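Enquirer: One letter stands for each residue in the lines below.
Number of protein chains: 2
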Amino acid sequence: MKIAILGFGTVGSGVYEIARTLKNIEVKKVFEKDLSKIDIATDSYDEIINDKEIELVVECMGGLHPAYEFIMKALQNKKSVVSANKAVIAKYLDEFLKTAKENNVEFRFEASVGGGIPCLAGIQKIHRIENIDKFYGIFNGTSNFILDNMYRFENEFVTSLKTAQKLGYAELDPSADIDGYDVTNKVIISFALAYDGFIKNEFPCFTMRNITKEDILYFKKQGFVAKYIGEATTKGNKYEASVMLNLFPINALEANVLSNYNIVTVQSHTMGEVKFYGQGAGKLPTANAIIQDILDIQAKISFNPISIEKKYTYSSNLFKHKYVIRSNEELKGNFEKLDKDGNNLYHYTKEITQTDLLKLVEEKDYLVVKLSEY
Amino acid sequence: MKIAILGFGTVGSGVYEIARTLKNIEVKKVFEKDLSKIDIATDSYDEIINDKEIELVVECMGGLHPAYEFIMKALQNKKSVVSANKAVIAKYLDEFLKTAKENNVEFRFEASVGGGIPCLAGIQKIHRIENIDKFYGIFNGTSNFILDNMYRFENEFVTSLKTAQKLGYAELDPSADIDGYDVTNKVIISFALAYDGFIKNEFPCFTMRNITKEDILYFKKQGFVAKYIGEATTKGNKYEASVMLNLFPINALEANVLSNYNIVTVQSHTMGEVKFYGQGAGKLPTANAIIQDILDIQAKISFNPISIEKKYTYSSNLFKHKYVIRSNEELKGNFEKLDKDGNNLYHYTKEITQTDLLKLVEEKDYLVVKLSEY
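Protein sequences, first through last, are from chains A and B.
Note that UniProt numbering has the first sequence beginning at 1, numbered continuously upward.
Note that UniProt numbering has the second sequence beginning at 1, numbered continuously upward.
There's no promise every hint is true.
A pair holds if it fits inside one copy or across any two, identical chains being indistinguishable in the list.
[To be verified] Think about it this way: if two alpha-carbon atoms lie no more than 25 angstroms apart in a straight line, the pair counts; the simulated BS3-like pairs of lysine-lysine are:
no. : residue 1 : residue 2
1   : 166       : 332
2   : 101       : 73
3   : 23        : 134
4   : 134       : 283
Please keep in mind that the hints were generated in silico from the structure rather than gathered at the bench.
For clarity, every value in this text was computed on a predicted model and none was experimentally measured.
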């Protein structure tokens, strides 16, 4: 199969590197403004679209535009598309799938969640036999690196962030990773496969950038490790989802996921909990997942026809959970426990809904963590 | 697709239960001597073989015979076979695959390793892109339950074994689980998919039944948790494998796999370490994996054509590892460290080969554990 790669950055060059080792895939063209990067580069997208030999386009440009237009144009020209671009997929997945179907080609995106970990395939496989009860996980390597670094080396947030930036795990503007936009996108994409429904980013997303060394040490004393978790579940045609810090007991698997690794859990009736662990990002793992999608398309492997037609409505009153809110003033409310540690007050809520939680914290800069139920 | 189930015990009835919820699978007959168990039962295997509507046979009888003959007869009569029977697969996999190929049908066995966890599919997916460097894991839930129970509740081996038996995790004769035959079979089966080669049970397999509460407590003091591990790796056309206790640092994921859960790791160049965690046995998880195989056969999903033609020779001199040997007498040899704890002597070896290890312990009842390198 002859393919084209859009963008020759980290992931694009990784796809090229792995594809070269395989017999059945030939990279014919690379869309790249800097023509000196590789001899098969072109800065004309039309050249790729008009090339009838190219059956599949790998989108590795990132960002919303022109990624959206390029993906649509490829599908409309009857080329399958494989992408790792979370942002554009979480926003336009329904359009991409519809357009792919209309043109009798494929749109695949395993690499967009969990990098090289086959977690989307795992969700699809379970889903073809039974309903998924819930999924949750550490979906972001950068935030996990920072939390792990703070926990193990007792560093301040800023120190750990700087280390992550030095090692190339965090960008100069780390907002997507630590304010939850990246995890939000991954929850939306995983939800589509788990529940056949396309949701918007209307569920609570709390930043993790206000966690301090004092918080980490306080939780450590209580036997807890904080991890940044995305999760979702449904009830009838309603759903609940969140992106926020969760506290795990020290012997939970999640608590022991170190450095920039990811772990994704899928829960269902017959299987119980199945967990997928590995490198959630990076050049070769992400490229590997892209190549897996290409090979699946070649072999016509599909676990279920992807349709995301079901309509789910977000509800903030669906389930109750326990949370811990840290502030430096005492909050009004009926709490289960109130701990004072230095200048910090830790409020342990009873079982409350997301509505109640949002009322408690309003727009204030309190730290909000969920007591993990797993 | 119309199917037959051989054996209506735990797994067989689980397959029936899940199949009833699916549109595309109809259980037409069940081979079962006790005809009162279900209305579609028959005690004549020929009735199943001669039924042209039955396209696929699920073997849930266990044991070597007549499972072997029944599987062969089904394949020869152009019926695909799905099995979870580790013992018969580890012994006859080459014949089954050859006969299936000759008759243009499928032989699948995801459920035989890791119960419901899609770890064999994971191995196959990685293998279609690149060579696998190594695989290892907690492949047996019974032994893990015992070790976890000993560790967390500081019980004697016999007490933990009895608890496992009471809960139905261990059989009255627990030998297959705690003397390593079960894990040996799973290593052989995983090896076939990871390396396209069929090996025999000629590699070292140490029982775990001689580990004591004192050992567990001593290792705990050193920051280690003992887990019963199967693993394999290759170098050229030689391979090394083992089934034995391994020591993991307390914050390793393996150290935190509790109760009767399994975790399997696959290591490769582009992916690094990928781990699959879940219920390695049990009625519904195992049945789920069997149903997954049936759905894959229906959808003609195959990650790579399974051929196990490569010849590998076992070598006990391929790699060097560090081991700990516990005895109550001092062993001769050049050790890195010798610890005395009560009446026990813990000998920490330097990096030595399997040959050297086997020489050191001879046929004696010492406890042998490997220092995990992960």
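Enquirer: Which numbered hints turn out to be false for this structure?
Expert: Hint 1 alone not satisfied by this model.
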